[in-house]
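**Q** Let's have the full structure, built from the sequences with the hints guiding it.
Sequences listed follow chains A and B, in order.
Under the working numbering, the letters of the first sequence match residues 1 to 130, in that order.
Under the working numbering, the letters of the second sequence match residues 131 to 281, in that order.
Check before you lean on any hint, since a few could be wrong.
Stated by the list, open to error - Pair ranges (Cβ atoms, derived):
| # | chain 1 | residue 1 | chain 2 | residue 2 | range |
| --- | --- | --- | --- | --- | --- |
| 1 | A | M74 | B | I168 | 44 to 54 Å |
| 2 | A | E76 | B | N267 | 52 to 62 Å |
| 3 | B | G166 | A | R21 | 36 to 46 Å |
| 4 | A | G121 | B | S169 | 46 to 56 Å |
| 5 | A | P50 | B | L262 | 23 to 33 Å |
| 6 | B | S179 | A | A13 | 19 to 29 Å |
| 7 | A | T67 | B | M213 | 33 to 43 Å |
| 8 | B | M213 | A | I25 | 50 to 60 Å |
It is worth saying that the hints were derived from the structure and are not from the lab.
Note that CB positions come from ideal geometry on N, CA and C, so glycine has one too.
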Amino acid sequence: MAYEKIMIVDDSATSRMIIRRCFHIAGYEKSEYTEAEDGLAALHLLKDNPVDLIVSDLNMPRMDGTTFIRRLKMKEGASRIPVIVISSMGNDAVREELEGTGVLAVIRKPLSPAKILEALGEGEGDGDEF
Amino acid sequence: MSFSEQDVSAAFNDAVIRTFAEMAFIDVIPEHHHEGKISYTGIMGLEFSHPGRGHILFYMTKDCKKQLVENIYGEEWIRLSDMEIDDCLLELLNVLAGEFLKNLYGDNDKVAMSFPRLYFDEDTVPGRPGQLKFVYNGEGALFFARLGLED
Chain A
1 MAYEKIMIVD
11 DSATSRMIIR
21 RCFHIAGYEK
31 SEYTEAEDGL
41 AALHLLKDNP
51 VDLIVSDLNM
61 PRMDGTTFIR
71 RLKMKEGASR
81 IPVIVISSMG
91 NDAVREELEG
101 TGVLAVIRKP
111 LSPAKILEAL
121 GEGEGDGDEF
Chain B
131 MSFSEQDVSA
141 AFNDAVIRTF
151 AEMAFIDVIP
161 EHHHEGKISY
171 TGIMGLEFSH
181 PGRGHILFYM
191 TKDCKKQLVE
201 NIYGEEWIRL
211 SDMEIDDCLL
221 ELLNVLAGEF
231 LKNLYGDNDK
241 VAMSFPRLYF
251 DEDTVPGRPG
261 QLKFVYNGEG
271 ALFFARLGLE
281 D
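**A** This is the structure:
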């Protein structure tokens, strides 16, 4: 599936750079990327900038990833946007907690292009899908 | 939950080796018998409170940090801002801590960690710095870490 507009939500600029680079290598070099430092900033940006895919960290200031995803899923027009969680805290417990929220996959950092492809159902990797 | 020193060391060493290799393409070897003093500039630290409680502190020279940051960014040190450099090192610690907690406690408990931060002075680091000290050789650059586990 083509994701033309991808939003990356992570408080670390380095992490956002790594995510963008991995998406490029995974074949999404022509996609348009929007970045937000936390869930609150992401919700504000989404009002005027609709996207096709959201990639979110969990541990962020102001609004963490879990709260952001739950708020997103309550918003009309945004609730159907697929979300991938990429976090150093991503594990089975997080997968269980986010089950039913429509999250595509939970990936533990460090990230690789193979993990992204696996999460998107486009290749083999280490990402764990629901 | 209590662990042997051997279990904790294995979990920590694996996290360091794997994270440095996967994020910065640097081969790291534990220096089990190093006794001498290792210089450092600044301390990177992070605390965790679940599944276990403790903290991780990293002590590195500027050369070691430079190698890490340049490899991760694919950019020369002088072209990067102080903010980018600090953020890069702290993100490495964040990922490493996640790997360590996964190695030690498994995948079934939710993890709670603080945001990683920089300390400029040993007096300001959390708690008593480290019950365990780990020395590493990252492609010629020596650095060390302290790990405190309260449980």
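**Q** Hint by hint, say whether it matches the structure.
**A** These are the hints, each one checked on the structure:
{"no.": "1", "hint": "A:M74 with B:I168: 44 to 54 Å", "in the structure": "51 Å, holds"}
{"no.": "2", "hint": "A:E76 with B:N267: 52 to 62 Å", "in the structure": "56 Å, holds"}
{"no.": "3", "hint": "B:G166 with A:R21: 36 to 46 Å", "in the structure": "38 Å, holds"}
{"no.": "4", "hint": "A:G121 with B:S169: 46 to 56 Å", "in the structure": "49 Å, holds"}
{"no.": "5", "hint": "A:P50 with B:L262: 23 to 33 Å", "in the structure": "49 Å, violated"}
{"no.": "6", "hint": "B:S179 with A:A13: 19 to 29 Å", "in the structure": "26 Å, holds"}
{"no.": "7", "hint": "A:T67 with B:M213: 33 to 43 Å", "in the structure": "26 Å, violated"}
{"no.": "8", "hint": "B:M213 with A:I25: 50 to 60 Å", "in the structure": "25 Å, violated"}
Checked against the numbered hints given earlier, this structure breaks hints 5, 7, 8; the rest are met.
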